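Each chain, written out:
There are 2 protein chains.
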Amino acid sequence: MNNRATAPLYEALIRHADRQPHAYHVPGHKQRAPWDEPGADRTYQELLRIDVTELSDTDDLHHPIGPIAEAERLAASAFGADETCFLVGGSTAGNLAMILGTCDADDLLLVQRNVHKSVIHALALAGARAVFLPPKIDPASGLAIAPSPDTVRQALDRYPEARAVFLTSPNYYGMPADVKGVSEVAHERGVPLLVDEAHGAHFGQHPDVPPSALQGGADAVVQSTHKMLTALTMGAMLHLQGELASRGAIRQALRMVQSSSPSYPIMASLDLARRQLQVKGKHMFEPALKATRVVRQALVELPFDALEVADPLKLSLYDRTGRLSGFELQEALEREGCLAEMADPRHAVLAFGPGSRPADGEALVAALRRIAEAGSADGEAAGLNGGASGATVELASRGFGEIPEPVRIRRHTGETQAIPLDQAVGRVAGEWVIPYPPGIPMLFPGEPVTSDAIAAIARWRDRGARFQGAADAAFRTIQVLTDMRRRS
Amino acid sequence: MNNRATAPLYEALIRHADRQPHAYHVPGHKQRAPWDEPGADRTYQELLRIDVTELSDTDDLHHPIGPIAEAERLAASAFGADETCFLVGGSTAGNLAMILGTCDADDLLLVQRNVHKSVIHALALAGARAVFLPPKIDPASGLAIAPSPDTVRQALDRYPEARAVFLTSPNYYGMPADVKGVSEVAHERGVPLLVDEAHGAHFGQHPDVPPSALQGGADAVVQSTHKMLTALTMGAMLHLQGELASRGAIRQALRMVQSSSPSYPIMASLDLARRQLQVKGKHMFEPALKATRVVRQALVELPFDALEVADPLKLSLYDRTGRLSGFELQEALEREGCLAEMADPRHAVLAFGPGSRPADGEALVAALRRIAEAGSADGEAAGLNGGASGATVELASRGFGEIPEPVRIRRHTGETQAIPLDQAVGRVAGEWVIPYPPGIPMLFPGEPVTSDAIAAIARWRDRGARFQGAADAAFRTIQVLTDMRRRS
Numbered sequence: 001m002n003n004r005a006t007a008p009l010y011e012a013l014i015r016h017a018d019r020q021p022h023a024y025h026v027p028g029h030k031q032r033a034p035w036d037e038p039g040a041d042r043t044y045q046e047l048l049r050i051d052v053t054e055l056s057d058t059d060d061l062h063h064p065i066g067p068i069a070e071a072e073r074l075a076a077s078a079f080g081a082d083e084t085c086f087l088v089g090g091s092t093a094g095n096l097a098m099i100l101g102t103c104d105a106d107d108l109l110l111v112q113r114n115v116h117k118s119v120i121h122a123l124a125l126a127g128a129r130a131v132f133l134p135p136k137i138d139p140a141s142g143l144a145i146a147p148s149p150d151t152v153r154q155a156l157d158r159y160p161e162a163r164a165v166f167l168t169s170p171n172y173y174g175m176p177a178d179v180k181g182v183s184e185v186a187h188e189r190g191v192p193l194l195v196d197e198a199h200g201a202h203f204g205q206h207p208d209v210p211p212s213a214l215q216g217g218a219d220a221v222v223q224s225t226h227k228m229l230t231a232l233t234m235g236a237m238l239h240l241q242g243e244l245a246s247r248g249a250i251r252q253a254l255r256m257v258q259s260s261s262p263s264y265p266i267m268a269s270l271d272l273a274r275r276q277l278q279v280k281g282k283h284m285f286e287p288a289l290k291a292t293r294v295v296r297q298a299l300v301e302l303p304f305d306a307l308e309v310a311d312p313l314k315l316s317l318y319d320r321t322g323r324l325s326g327f328e329l330q331e332a333l334e335r336e337g338c339l340a341e342m343a344d345p346r347h348a349v350l351a352f353g354p355g356s357r358p359a360d361g362e363a364l365v366a367a368l369r370r371i372a373e374a375g376s377a378d379g380e381a382a383g384l385n386g387g388a389s390g391a392t393v394e395l396a397s398r399g400f401g402e403i404p405e406p407v408r409i410r411r412h413t414g415e416t417q418a419i420p421l422d423q424a425v426g427r428v429a430g431e432w433v434i435p436y437p438p439g440i441p442m443l444f445p446g447e448p449v450t451s452d453a454i455a456a457i458a459r460w461r462d463r464g465a466r467f468q469g470a471a472d473a474a475f476r477t478i479q480v481l482t483d484m485r486r487r488s
Numbered sequence: 001m002n003n004r005a006t007a008p009l010y011e012a013l014i015r016h017a018d019r020q021p022h023a024y025h026v027p028g029h030k031q032r033a034p035w036d037e038p039g040a041d042r043t044y045q046e047l048l049r050i051d052v053t054e055l056s057d058t059d060d061l062h063h064p065i066g067p068i069a070e071a072e073r074l075a076a077s078a079f080g081a082d083e084t085c086f087l088v089g090g091s092t093a094g095n096l097a098m099i100l101g102t103c104d105a106d107d108l109l110l111v112q113r114n115v116h117k118s119v120i121h122a123l124a125l126a127g128a129r130a131v132f133l134p135p136k137i138d139p140a141s142g143l144a145i146a147p148s149p150d151t152v153r154q155a156l157d158r159y160p161e162a163r164a165v166f167l168t169s170p171n172y173y174g175m176p177a178d179v180k181g182v183s184e185v186a187h188e189r190g191v192p193l194l195v196d197e198a199h200g201a202h203f204g205q206h207p208d209v210p211p212s213a214l215q216g217g218a219d220a221v222v223q224s225t226h227k228m229l230t231a232l233t234m235g236a237m238l239h240l241q242g243e244l245a246s247r248g249a250i251r252q253a254l255r256m257v258q259s260s261s262p263s264y265p266i267m268a269s270l271d272l273a274r275r276q277l278q279v280k281g282k283h284m285f286e287p288a289l290k291a292t293r294v295v296r297q298a299l300v301e302l303p304f305d306a307l308e309v310a311d312p313l314k315l316s317l318y319d320r321t322g323r324l325s326g327f328e329l330q331e332a333l334e335r336e337g338c339l340a341e342m343a344d345p346r347h348a349v350l351a352f353g354p355g356s357r358p359a360d361g362e363a364l365v366a367a368l369r370r371i372a373e374a375g376s377a378d379g380e381a382a383g384l385n386g387g388a389s390g391a392t393v394e395l396a397s398r399g400f401g402e403i404p405e406p407v408r409i410r411r412h413t414g415e416t417q418a419i420p421l422d423q424a425v426g427r428v429a430g431e432w433v434i435p436y437p438p439g440i441p442m443l444f445p446g447e448p449v450t451s452d453a454i455a456a457i458a459r460w461r462d463r464g465a466r467f468q469g470a471a472d473a474a475f476r477t478i479q480v481l482t483d484m485r486r487r488s
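Quick note, the sequences are listed as chains A and B, same order. Take the first sequence: its letters are residues 1 to 488, numbered as in this note's numbering. Take the second sequence: its letters are residues 1 to 488, numbered as in this note's numbering.
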């Protein structure tokens, strides 16, 4: 029997609702539409029926033995894992749990420097020591990808006590790491590879899309099922394969960082998203792929270009003439009713997905055409906007070339203050310092400030790099922790 | 203008959806119903329209300046806070953030012993030292409430360096702490009071319901808006008042423990739940109160009774004859289509809420009547089932009477093993040890095992206490951490 076409958790919730039991349990709405607002009732009414709690027929996310366990088994099979944990706290929860489940206090983790903030938070919560590995730089864009297998090998030679290697793949722009190469290096030493694949839940599910991190041999992988597949937001999965990653400790860490009242609609949407993937297969991506092809073909006649990346569902558009920055392009697109995923100083990044239609490609082309026409009426190009150059790539390699000493990210409840950049050595950073490109953080909040870091920031600042979100964008000053506490 | 009747976040999401923008951002479903399953489409279709991401008109939970900030301001006003943070990770996220935002590593926290597991997890993640305060025992039921103001005063005398006092109020059964008394004691020393009010989001909102923790003077309070009000599951709020609790550090801790892709439907449901509370006021609780009155009146003719507690929306039913344990009563009710919130060895606990109707009271009475009739056909009572007795209360006072030494809860990735109880002193506990009643944990996972704890467990075991969820319910052995690591 082909049970891949079933959605055991969703179906269990509907069966439960259809029985119409009397509810003397949370939530307080008791599965009835409680709001007088007619519109709100319509928005939530059907969903409230399945917004239930742990009951004898609805299972328990934190100790699954019924329909949640069955739904997780089907997901493991669909994504090629030995075991899959449903997440209701997004990939954030998965990243926290992979690291908390792998590192006791003082343990050492090899982790690429350009990671999602949840990874830095996990290091701070775990009290782990991190060796931040320099990533490879994409020569065409100057953007950071992930460390190479060679870099990981050097780091493991120097730090054989490392508990794990942590990679992000793909990056926000759709560029994957060499997961296979890194996993081989790690497994030679018996070290597990943990991968934040938040932006790659569709990887390995279509011939035009790169293989997944699990196919590359990763031991634990987190995927945002909501980002590139069709779950509700915050629906994500943590996949485990093999015996190197400690499954029990990772499950235990999930119990620490996720709600003890997890959302059944989000869990059921994971079940339905997996079912859809298995029933429709690669066909579910065709409308989105067609939309991106429409855009790529039209770009030859427009003053915009898109980064060449492995993930065909990501379009990182930039202005070939240098007139519009990535932020300005994002804003111009928004005025045309086209909402991008994010922007950096050079690129507006667009994410297509199973819900995209070919008409979305046509609408984007029409918007770009109008933006280009308005621009040629405006006149001259503004010139340099932080794009890739030989010098950028060389600088990136120089600034992040060596395997550094381990550092601890300090969790703190104190205040921050601005001090002159050249007086910050020996203090603890109080803000993110991320020049674009390459998008590699030079300092994390809680990281001890070294003279190397200050020299690198000054060098990049003087070369015109843009520091996104910095308190002082010109970096004459930097935020550091005070020693002040609110109470002493 | 009475803007309490608006729901600014929900309305912003509907306006956004009505504009029908082209979405090149996450989530992958692009606000369209993507599932072929006809039932699933119906369940989720309307909701998908508002399952969006951070956009220029939808604001950012982690740095709110638009409709989320406005919705939080209205919530602060409705609940009597100076500032309110919407939570999408349940009260779990709020408890983690209150403690992580208050305690750096090695800081000392005064915390009652009978707390939700998220509080223990927070202590482990914070690396804080905890002084566990003995709770008061309710004489009628033998159940633990919260520490008295006198206990807190003694503890503050001995540990003036404490960063905060942490209480849970009400407990699961609807018994509140003396929040006002404790907050006065804490504030005399300039120490903030943090309260887990997960089960009391309705407190202070109806004349028959006890005052809220904020009304009692607490500085930071977490409420599960989904439990006793009408938000979606995982929707909760963290309220702050005054200047003693560090707002910036607590907000920063929320950024660490909550998803960087928070769920808009959950956030909007918080906005709608607050709006409903303000528009309907105390009338929204009348159907539920009527339902509980129906049950209480009928109990006089039935062999069941309900604990007398301050919260009229909680019914903790027990079998006066001692025939059915709380677990058996819960199961018998379930066979009658009545689903309770939880059970302990003596009680089945039922939670009523704004979605309850008088018919739920009548259905419960009919179910209890059928259970009683089946029971009298069955014959004899089973006798003792762990209820309150003078001896229990005296034992509880004796076992938990003194202010103990500070302990650290150890976070660990290792395995556990069973060893004989009398050999466990000096090891680290690997499981929860909770006798019912009083429901006070004698050991937490990660807590060092003392000879006092072992003596108390043996004493309670020998008196016939029930240990819920223990690996060896007879407590000849206990789970402790091994020193084994999967890799060395």
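If you're looking for bench data, these hints aren't it; they were derived computationally from the structure. Watch out, some of these pointers could steer you wrong.
[Stated by the list, open to error] Part of the chain A face toward chain B, derived, beta carbon under 7 Å:
{"no.": "1", "residue": "E46"}
{"no.": "2", "residue": "G101"}
{"no.": "3", "residue": "L307"}
{"no.": "4", "residue": "A340"}
{"no.": "5", "residue": "V425"}
Being a predicted model, the structure only gives us computed values, none of them experimental. Just so it is clear, CB atoms sit at the ideal spot from N, CA and C, and this is done for glycine as well.
Identify every previously stated hint that the structure contradicts and give their numbers, smallest first. Violated: hints 3, 5.
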